[in-house]
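Colleague: Fit chain B to the given chain A structure using the hints.
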Amino acid sequence: MNVSPLLFWPVSALVLAGAAGAALARNLVYAALSLGGCLVGVAGLYLFLQAEYAAVIQMIVYVGGILILILFGVMFSRDLSGADTRPSLGSRILAVSAGLATLAATLRLALLVPRLSGTGLSQVRSSTDTWVGQISTDSPFHIGDLLLDSWLAPFLVLAVLLTVVLIASLGLVRKDAS
Amino acid sequence: MTELFLAGPERLLPYLLVAAMLFSLGVVSVVSRRNAVGYLMGIELMLNAANLDFVAYGRFRGPEAAAHAQVAALFVVALAAAEAAVALALVYAVYRNFRDVDLDKIRSLNGD
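Read top to bottom, the protein sequences are chains A and B.
The first sequence begins at 7 in my numbering and counts up by one.
The second sequence begins at 16 in my numbering and counts up by one.
Rather than coming from a laboratory, the hints here were simulated on the basis of the structure.
Model, not experiment: these values are computed from the prediction.
Heads up, the beta-carbon is just placed ideally off N, CA and C, and yes, glycines get one too.
There may be inaccurate statements among the hints.
Here chain A is said to cover these stretches of chain B; the calculated rule only asks that three of the stretch's residues, wherever they fall, bring their Cβ under 8 Å from a Cβ of chain A [to be verified]:
| hint | stretch |
| --- | --- |
| 1 | 25-36 |
| 2 | 43-52 |
| 3 | 103-114 |
Stretch-level coverage of chain A by chain B, calculated; a stretch enters the list once three of its residues show a Cβ under 8 Å from a Cβ in chain B [what the hints assert, rightly or not]:
| hint | stretch |
| --- | --- |
| 4 | 25-33 |
| 5 | 74-82 |
| 6 | 163-169 |
Next comes chain A alone, as it looks inside the complex (with noise of 0.2 Å):
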């Protein structure tokens, strides 16, 4: 599937204008849409890189399952006391702070990137900034070849995992947990 690259500055912009909200609205409510709205473009985002699986993941589970449950966490824990939600001065500055700090690390590290020759990493230069054009249209076919092959193990732990934490959420939330 192939999107319109006009298209991607605008998805790009939905994406970061909703993990704004997620993180800064004071209205825990706004705050899960904005998720929901940031979650659709990273969508978005995958069908430019014609990675079509990991969209269609990203829909389903992630606006279609941890949203949901999200919301529900929101509905529930929302100002039940009437109390004063939003957060101190000191971890405001500390929040700012360490935002800016992690975005200069991670734009340092996006900005080396294309210039990383002659180095230990020759391996990720050979990967950048080179469109390989249309990749095969049967790519999710590949990938159930690659789970049950290559990725077999951790396919059947993340299996496991994924019943153990059924059972522990369960327990948890039983009513004589406590």
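Modeller: Showing chain B alone in chain A's frame:
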């Protein structure tokens, strides 16, 4: 810069820039939120940034790496779902014991 702007989705750097900003906003959310559910949303933002980097790097590496990257993304999404389920169960258990989910107020380990 203009050339990068016009090239948009066919270059690696734009994806890395978006992912970097996404990750930083996740850090801001994790540090500043007092509500446990808001904290969880920050973690989801950071996981999404990492996933975007996975898929973008794989795509620019070639068809085989693109498929592997999508498998890695699938694993991250599944772990995020597991993490959200356990975290919300914990929030519920904490709320039942403390009648509050403000992370600044929940300090004791034995419920006193």
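Colleague: Look at each hint and say if it fits the structure.
Modeller: To see whether the hints hold, each was checked on the structure:
no.: 1; hint: 25-36; result: holds (count 12)
no.: 2; hint: 43-52; result: holds (count 9)
no.: 3; hint: 103-114; result: holds (count 10)
no.: 4; hint: 25-33; result: holds (count 5)
no.: 5; hint: 74-82; result: holds (count 6)
no.: 6; hint: 163-169; result: holds (count 3)
Hint violations for this structure: none, all hints satisfied.
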